[in-house]
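All chains should be built: construct the whole structure from the sequences, respecting the hints.
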Amino acid sequence: MSSSIQTTIIRQPADGDTALTPNNKSAEVIHENRAGWLMLAPACILLVLFIGIPVALAFVLSFTNARTISPNPTRFIGLNNFTRLFSDPTFWRALLNVAIFAVVVVPVQAGLGLFLAVLINKKVRSSVFFRTVYFLPVVTSMVVVSLLWMFIYQNDGMLNQVLEKLTFHHWTAVDWLNNPQTALGAIIVMSIWQAVGQHMLIWLSGLQTISAELYEAAELDGCDAWHQFTNVTWPGLRSTRNMILITITIAALSLFTQINVMTQGGPRDSTTTVVFEAVRSGFQQQEMGYASAITLVFFLIIMAITAVQRRITHSN
Amino acid sequence: MRMNKKRSLIRLIAGIVALSGMVSLSGCGEAARQEAKMQGNEITLWTHTAGSEAELSTVEDIVADYNSSPDRKGTVKIQSFPQSSYNDSVISASTAGNLPCLVDVDQPNTPYWGWANILAPLTDKALLKRTNQLIGSAKGTWNKQIYTVGYFDATTALFARKSVLKDLGIRVATVDRPWTKAEMDDALAKMKASGHWAYPFEMGTADNKTEWYAYAYAPILQSFGGDLVNRKDYQTSQGVLNGPEAIEFANWMRSLVEHGYINSKGGSDTALDFVNKKSGLLYGGIWTMSTVQKYAKDSDDIVAMPMADFGHGSVAGGGSWTVGMTPTCNNKEAAMSYIRFSLKDKYIARMAKAGMNIPATVGAQNLIPEFEPGGSMQIFTKISSKYVKMRPETPAYNFISTEFRKTIGDIMNGSDAASGLNKAVNHIDGNIKGADGYIKK
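Sequence lines, in order, name chains A and B. Each step along the first sequence adds one to the number in the numbering used here, with nothing skipped, and position 179 is 179. Each step along the second sequence adds one to the number in the numbering used here, with nothing skipped, and position 46 is 1046.
Quick caveat, the hints were computed from the structure, so don't treat them as lab data. A few of these clues could be false.
What the hints assert, rightly or not - Footprint (simulated), chain B over chain A, 3 or more residues, beta carbon under 8 Å: (1) 116-123; (2) 176-186; (3) 236-248; (4) 273-287.
Said to hold, decoys possible - Derived lysine-lysine pairs resembling DSBU-like cross-links, with alpha carbons at most 35 Å apart: (5) B:K1389 to A:K165; (6) B:K1209 to A:K165; (7) B:K1278 to A:K165; (8) B:K1389 to B:K1440; (9) B:K1077 to B:K1144; (10) B:K1277 to A:K165; (11) B:K1144 to A:K165.
Unchecked claim - Which chain A residues face chain B? A few, computed with CB under 8 Å, are given here: (12) P71; (13) N72; (14) T74; (15) L112.
The model shown is predicted, which means the values in this text are computed figures rather than measured ones. We put the CB at the ideal spot given by N, CA and C, even for glycine.
As structure tokens, then:
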């Protein structure tokens, strides 16, 4: 302790002085190191405990025949889990479903969020009211939302009833969640409705960082609303855009809650997802090794996609 | 510098160790209690009945009686869990090594839990003697040993209204003469043609998160002549789950959807739907009767019948909640003496009555008017005793059940029966091999 006080005392006059002796320099480094380590410690411990160790475990377990409860010792089985995984059509179907989900949800949800944000960014009296309304689904639990939408999507549910009224009884009821053609679409619509408010809010915070002077200047230059948007708003939202893109993509790829509540991956795998398959294998079927293999492959896929996205957004 | 880095790391670790030491010190009170538990012969019973007041209060009464009885070998303490999270709680407790002495077990899980060292076989002679007096389906056995015992059993049946059957010219099936497959198909066709219901038949297809598919549809498969797994040595499903009989069964299930007899995703409360006349024929559990007796104004018109005979005899589901002992229990004598104490006829009768299930002894059946000869529930006792077939007594059952559920669900939604069943058989056989045949060493 005394040495550290000493170094601080010595450090004061030496500030900005290039003639710092090597001895003093290393002492200062030690001091800074110690403080740095201490401040890093809480985050590091939590990261290692809740991310590092589980990831490492999943990595190791994916090469074993580990089961949740078993009297037999766990043993390494090489790449068996992976060969089984890649030869399982359900896994490929899950990947395809997740890809479709992401390809639709990412642009539509981001675009709709931006549209809503631009609408309520106007300083009118009702904007707070609309902000609240759009944000309500976000603060509602996904499980609750899924249950409610299950009723909406039922054969005699609200959606079919409304369509029937609108078409003067020419509409034949569709069992939205129980039809392989419509199930994934129904889940996509609901998911966008649920999460769009959150991204609207992030867009909104981005919009409010753009200085009003820029708009004034654009107006003086004779820009109409559309040109203002493309020349002022859009470039001003660059960092917000990147963040939204990455968060929506990751959230879309890890689709699970809706599936677990509404369809259990059916009918005929039309809504199954990679995370759902992992949970099914790991917890319902208690094959931890296989489930770990699924999550490991999924982890690598997400890493790759995020890396590509970063590349693209940076080269811009 | 490297030295210092190392030193600060060591300090960090020392700090963590000190911190965790403090945490464990603060847990000292709990440790002392644990110690007292061991000294004072207190044993804990985990039950899944937190959501069912009638059953929980009965368990509480039995435990209170035991704790004040002169023959007690220890004190029993109850800890109740909601049913939906119960199995997960037991499995995590087993991995963490904190199992209580006594646990509730859903009967089909008994072999799996016995294999995984969550349950120990019952050995007390007096207890085994009493166990022999119970109906067969109220016991959980594996490897020729009894692991768990139950107070009651549930079963499955068809429910219809006599007036409806009479109007449509359909015979009321009896325990001695269930419908044949032709009669069943004919009944469904007549009901569909009557136009009273969008889907005349309800068999709980929406219940695809639980074990219902395996519990209720495997009996139909067995009546067709197939099975979930080859029961000779429980090593493969080849030939029984994908044989010609199984394919016939799967095609029949799909034809129910194709003909519009059932919805492949039916109602969420099938019993209430039936009471409200949203379906004409219901395939459900014995618990349907609780809803009928509570809500149906025409409950006298409602009749329970055994499932149809598809060629190899009518088959009814069996196996309900039971209680067993863990291998880590430190006072097995007390645990088994409690189980024996709780198997008195009067307690069996109360437990069975709480959920309106079939009491596990004849003595107890005679204590409940509904189950006495001539009582309104006696039909279920007859169906169960005549047609019950237990779910395969193998640790693989848990996995088989999830595969069966998914496969039959897919087939009802239009997948090809043969390839779907072949895939399920491959998965099941792979799982059994991966667990070294589920043989206890």
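Hints, verified against the model:
1. 116-123: Result for this restraint: violated, n = 0.
2. 176-186: holds (count 3)
3. 236-248: violated (count 0)
4. 273-287: holds (count 6)
5. B:K1389 to A:K165: 50 Å, violated
6. B:K1209 to A:K165: Answer holds: B:K1209 to A:K165 is near 34 Å, not above 35 Å.
7. B:K1278 to A:K165: 23 Å, holds
8. B:K1389 to B:K1440: It holds: about 24 Å lies between the C-alpha atoms, which stays within 35 Å.
9. B:K1077 to B:K1144: The hint holds at about 30 Å.
10. B:K1277 to A:K165: Within the cut-off at roughly 26 Å; holds.
11. B:K1144 to A:K165: 63 Å, violated
12. P71: 5 Å, holds
13. N72: Hint holds; A:N72 Cβ to chain B Cβ min 6 Å, cut 8 Å.
14. T74: Since chain B brings no Cβ nearer than about 11 Å to A:T74, farther than 8 Å, the hint is violated.
15. L112: 30 Å, violated
Violated hints, listed in ascending order, are 1, 3, 5, 11, 14, 15; each of the other numbered hints is respected by the structure.
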